[in-house]
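Please model the entire structure based on the sequences and the hints provided.
In the numbering used here, the protein residues as written are 3 to 281.
Don't read these hints as lab results, they were simulated from the structure. Just so it is clear, the structure is predicted and the values come from calculations on it, not from any experiment.
Across the chosen pairs, the derived CB separations fall in these ranges:
{"id": "1", "residue 1": "Phe-189", "residue 2": "Leu-278", "range": "47 to 53 Å"}
{"id": "2", "residue 1": "Asp-39", "residue 2": "Gly-268", "range": "45 to 51 Å"}
{"id": "3", "residue 1": "Thr-267", "residue 2": "Thr-240", "range": "38 to 44 Å"}
We put the beta carbon where it would ideally sit given N, CA and C, even for glycine.
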Amino acid sequence: MSKSCSSVLLILGLGLVGLPGCGPEREEGPVVARVGDAALTVAQLDNQIPDSDMAEAQRRLFVENWVRRELLYQEALAREVDETARVRQLVEQTRRDLVIAAFVDDLFGDRQIEVSEPDVERYYHLHADDFRRPDAEIRAQHILLGSRRDATSLRDELLRGAIFEDKVRDLSTDRETNTIGGDLGYFTADDRPEIWEACAGTGPGQLCRLVSLDGSYHIVRLTDRKESATVRDLTEPTVREQILEALVRETHRERLDELVNGLRTGHTWSIDETRLAGP
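This is the structure we're talking about:
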């Protein structure tokens, strides 16, 4: 397994996520919004929201937020807030952080981090408490259908011995799960209250009561139950991903520490311990 080192900003703790600042000199192509001389082009909007399936309401919210931000920014400039010592200090600190991030990214950005299976297993066993369930969970499969008649008929077929996974593949309208046996993963009562309630008193491998939700019908089969405080299994995708991310961050820190320690030996630096201690 390997992971890229490209997310250097995460290492440095820089939460620098924002909307694009679009001045007149950057205007290229059709414009979707303006504030004074500043413009947000369609190309810039598409670059910020690459998901073409995003609802119009979400795109509108993004644009309205850009307008709000630009109005505030231009008013701040008019009041010369950017000339204050505090803002200058913040701008300089941000500039330094970005330069550091770019420097580290140049050094490590293309280097892959290899994570071995023994490393994953070792981390899992050493940090078992991190993977304990705070609440009871169940795991279930489902088949999503559009009508009660179809759902009732299919549920009867399943009770007579039809293969659940085959029916999921052939009939379920849930595109996110119909290729993985309808698996919903583990969830709590708060995550999916209607399905949780329908599975009350049901044992693993049994069909739950039919669930009507948002105009559709769920045929649900319980596959597992886990009590609170039990440790999640390493085979659960969320557990493995959490471990991989932790090991990648750890390797990032080690590489960064190694770099800084090397720089310490090649540069003159000092810390005045008496002044550090304060009065």
